[in-house]
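Residue-level listing of the chains:
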Amino acid sequence: MTPELPRGRTVLTGNEAAAVAAVLARAQQIACYPITPQTLIVERLAELVAGRDDVVFANLDSEHSMFGYALAAERAGSRCFTATSSQGLLYSHEQLHRASRERIPLVAVNVNRSIVAPWSLEPDLADSISQRDTGWVQLYCSSGQELLDSVLCAYRIAEEAMLPVLVCAEGFLISHTAEVVDVPSQEQVDAFLPPFRPPEDWLLDPRRPRAFSGLPEPNDYATYQHNVAEAHDRTRELLAEVAHDFAAAFGREKVASLEITGDRAAETAIVTIGTIGETARELLTDDEPPLVVRVHAYRPFPADELAAALEHVSHVCVIDRAPAFGAPGALGEDVRSCGIPATDIVCGLGGSDVTPETLRAALARSRVESPERAAVYLVGGA
Amino acid sequence: MQEMLLTGRGGEGVVLASQILADTFARAGYWVQSFPEFKAERRGAPISAFLRWDADEPIRRRYKVRECDVLVAISASPPSARSVAMLRPGGLLLVNRETRFPHRGDYRVARVPGSQVARRNRILSAEGRPMGNVAVLGAAVRLLLPDGLDFLEEAVRARMGTLAEPNVLAAREGYRLCTTQHTIGSDTPYEPAEAPPPRPPLPPFAVSLTDSRVNHTGAWSVERPVLLEACNVCGLCALFCPEGAMRRVNGAMEIDFDYCKGCGICEAVCPVRNAIAMEEVPA
Numbered sequence: 000m001t002p003e004l005p006r007g008r009t010v011l012t013g014n015e016a017a018a019v020a021a022v023l024a025r026a027q028q029i030a031c032y033p034i035t036p037q038t039l040i041v042e043r044l045a046e047l048v049a050g051r052d053d054v055v056f057a058n059l060d061s062e063h064s065m066f067g068y069a070l071a072a073e074r075a076g077s078r079c080f081t082a083t084s085s086q087g088l089l090y091s092h093e094q095l096h097r098a099s100r101e102r103i104p105l106v107a108v109n110v111n112r113s114i115v116a117p118w119s120l121e122p123d124l125a126d127s128i129s130q131r132d133t134g135w136v137q138l139y140c141s142s143g144q145e146l147l148d149s150v151l152c153a154y155r156i157a158e159e160a161m162l163p164v165l166v167c168a169e170g171f172l173i174s175h176t177a178e179v180v181d182v183p184s185q186e187q188v189d190a191f192l193p194p195f196r197p198p199e200d201w202l203l204d205p206r207r208p209r210a211f212s213g214l215p216e217p218n219d220y221a222t223y224q225h226n227v228a229e230a231h232d233r234t235r236e237l238l239a240e241v242a243h244d245f246a247a248a249f250g251r252e253k254v255a256s257l258e259i260t261g262d263r264a265a266e267t268a269i270v271t272i273g274t275i276g277e278t279a280r281e282l283l284t285d286d287e288p289p290l291v292v293r294v295h296a297y298r299p300f301p302a303d304e305l306a307a308a309l310e311h312v313s314h315v316c317v318i319d320r321a322p323a324f325g326a327p328g329a330l331g332e333d334v335r336s337c338g339i340p341a342t343d344i345v346c347g348l349g350g351s352d353v354t355p356e357t358l359r360a361a362l363a364r365s366r367v368e369s370p371e372r373a374a375v376y377l378v379g380g381a
Numbered sequence: 000m001q002e003m004l005l006t007g008r009g010g011e012g013v014v015l016a017s018q019i020l021a022d023t024f025a026r027a028g029y030w031v032q033s034f035p036e037f038k039a040e041r042r043g044a045p046i047s048a049f050l051r052w053d054a055d056e057p058i059r060r061r062y063k064v065r066e067c068d069v070l071v072a073i074s075a076s077p078p079s080a081r082s083v084a085m086l087r088p089g090g091l092l093l094v095n096r097e098t099r100f101p102h103r104g105d106y107r108v109a110r111v112p113g114s115q116v117a118r119r120n121r122i123l124s125a126e127g128r129p130m131g132n133v134a135v136l137g138a139a140v141r142l143l144l145p146d147g148l149d150f151l152e153e154a155v156r157a158r159m160g161t162l163a164e165p166n167v168l169a170a171r172e173g174y175r176l177c178t179t180q181h182t183i184g185s186d187t188p189y190e191p192a193e194a195p196p197p198r199p200p201l202p203p204f205a206v207s208l209t210d211s212r213v214n215h216t217g218a219w220s221v222e223r224p225v226l227l228e229a230c231n232v233c234g235l236c237a238l239f240c241p242e243g244a245m246r247r248v249n250g251a252m253e254i255d256f257d258y259c260k261g262c263g264i265c266e267a268v269c270p271v272r273n274a275i276a277m278e279e280v281p282a
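Protein chains in written order, with numbering that gives the first Met the number 0: chain Z, 0 to 381; chain A, 0 to 282.
Isolated chain Z (complex conformation):
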């Protein structure tokens, strides 16, 4: 018997919310390989689609095969879902590049987990941040609700832009956290997300055999890369459009690219990503509260919007939750590339706790560091 989907105001873990979203999105093929802390997504999906003959649940032999399967299934016209974490995402690296360059509108959830060595099951963002140049749209969530909502939006974004979308959520902090999640009805989701109808020329069609991604002339190869870059540029507007449609369809606000909280006239801003953006809100009741900017859409990077948000701010502190060796942290580098001088603080690695005290220490440190310095690491329980 296929279990019923939860509905309305309910208590779900982030992993359950992701699984429910994939079912509500009417994913036709689900490609699976388990890895902590993502495993509960595919376990729950297996239960939710058991006995359904309109969904293919494929157990693969590795994450590399899993992404390969999903790309091919999309080409054959199926809406697909997959999920992984950490080493699994890294093992899929070459498939990730292929997905964007083949313009595959796949949606995958990455439950962020730090990278070996040494081993850790705990979260930081190094796994997906290090995939930033693979051409995937990357959305970073800060709650189970945002994870569910973002998976639904991701299908709209992917299929309209013909780009793959990676929806990221920190392990344990979201994946294993049970909280109140509002689950929309199937009718609401169907009205928001039309069936998958990719362009005919792009589809695999046995009646019309053609070469896919064959060897083009060098200049043509360059043009295809340029096309991916242009698709990303167009996606900035699409993100806002989909968020607007989402709010209209579900009666709930949806962050498009940036979530900006606090006073835009504040002297100081914290720019961060993921759950740290939620914790940072606790600083809004401090004596000199910072402007809190949470990056939800990391690729395409919302450069213009960020520059506008920080227009009146004189001091910018970027909090990165991923290391970048021999260079500033990735988010710090991106903020600086907008022409904004910013101190980059790296913290929260391997699941080390980021509390309001950590962020106050980061702010204090950022005031005495040169913004030219690559990055400052807060470690050892700072």
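None of these hints come from the bench; they were simulated from the model.
Quick caveat, the model's predicted, so the values are computed rather than measured.
Glycine included, every Cβ here is placed at the ideal spot set by N, Cα and C.
Certain hints may be false.
As the list claims (entries may be wrong) - Below are the EDC-like pairs computed for lysine to aspartate or glutamate, each with C-alpha atoms no more than 20 Å apart in a straight line:
no.	chain 1	residue 1	chain 2	residue 2
1	A	K63	Z	E236
2	A	K63	Z	D181
3	A	K63	Z	E281
4	A	K63	A	D53
5	A	K63	Z	E356
6	A	K63	A	E97
Claimed, not checked - Between beta-carbon pairs, the in silico distance windows are:
no.	chain 1	residue 1	chain 2	residue 2	range
7	A	L123	Z	E252	54 to 62 Å
8	A	D146	Z	A239	39 to 47 Å
9	Z	E240	A	D55	28 to 36 Å
10	A	E56	Z	Y220	25 to 33 Å
11	A	E266	Z	L59	48 to 56 Å
12	A	E279	Z	A360	19 to 27 Å
13	Z	R251	A	L123	57 to 65 Å
14	Z	Q86	A	E279	56 to 64 Å
15	A	L162	Z	P193	40 to 48 Å
On the provided structure of chain Z, position chain A as indicated by the hints.
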């Protein structure tokens, strides 16, 4: 916002208990957040789970609970000094035991015979141990959400499938049998937990400085094999033992309990009737 720490051991349903209680508070209209802290993913290892609830606002903070208003010890053994030290002054400690819990500190104590309730309702683990988690939740609801027993029952039914009915009874009994201790003033001087010794400096490479053989992983076991007279010393158990903890010495099998984790593979592969039996390791 209130914060709770739930403690116990892997396999006792501590994480599930935190989720059921989160669900209970949510059904009563609260905003909730519950999450586990896994140190090692194995049965019997110490496990914590956290719960936050708030009547008015969604809970946004995303970090571990450092101090708590309520400490719930799911295990029948008393909570560690470290857990108790996390209780805020005036906080509440709920323990799974029948007899009075001796305490000294600025916190209230309540108790519930959770394991006995579980045993009566035949809520047992695969090894036959009572699973007192839901009975303890009954007591927690009595103390924190006195009108919430119906919500707890709904949450148990929603999350426990075929195990729901005996657990609903356990929840009701836990609710009924919860007793609060009369708080005695601090006539016994409160001794704070000793501070842990300073950590040695971190080695430059992530390689342990000690020989792995000093980790006596046999301490993890909840059961262990006993060799019986019928053993003909064929040695098949030694071949299959994943820990290399069995060997043939002077014409008899010998078990190294420093490393035997009590997995029971030896008993499963033994071709001789009544040659190996598994017994519970005394606490």
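Do the hints match the structure? See the list:
1. K63(A) <-> E236(Z): Violated. K63(A) to E236(Z) sits at ~37 Å, over the 20 Å cutoff.
2. K63(A) <-> D181(Z): violated, 24 Å
3. K63(A) <-> E281(Z): It holds: about 15 Å lies between the C-alpha atoms, which stays within 20 Å.
4. K63(A) <-> D53(A): Distance ~16 Å between K63(A) and D53(A) Cα, so the pair holds.
5. K63(A) <-> E356(Z): holds, 13 Å
6. K63(A) <-> E97(A): Status violated; Cα separation ~31 Å.
7. L123(A) <-> E252(Z): 54 to 62 Å: violated, 47 Å
8. D146(A) <-> A239(Z): 39 to 47 Å: holds, 45 Å
9. E240(Z) <-> D55(A): 28 to 36 Å: Roughly 34 Å apart at Cβ, these two residues keep to the hinted range, so it holds.
10. E56(A) <-> Y220(Z): 25 to 33 Å: For Y220(Z) against E56(A), whose Cβ atoms are near 53 Å apart, the range 25 to 33 Å is violated.
11. E266(A) <-> L59(Z): 48 to 56 Å: violated, 35 Å
12. E279(A) <-> A360(Z): 19 to 27 Å: Given range 19 to 27 Å: violated, Cβ gap about 49 Å.
13. R251(Z) <-> L123(A): 57 to 65 Å: The hinted range 57 to 65 Å is violated for R251(Z) and L123(A), with Cβ atoms some 44 Å apart.
14. Q86(Z) <-> E279(A): 56 to 64 Å: violated, 38 Å
15. L162(A) <-> P193(Z): 40 to 48 Å: For P193(Z) against L162(A), whose Cβ atoms are near 41 Å apart, the range 40 to 48 Å holds.
The structure fails hints 1, 2, 6, 7, 10, 11, 12, 13 and 14 (numbered hints given earlier, in ascending order).
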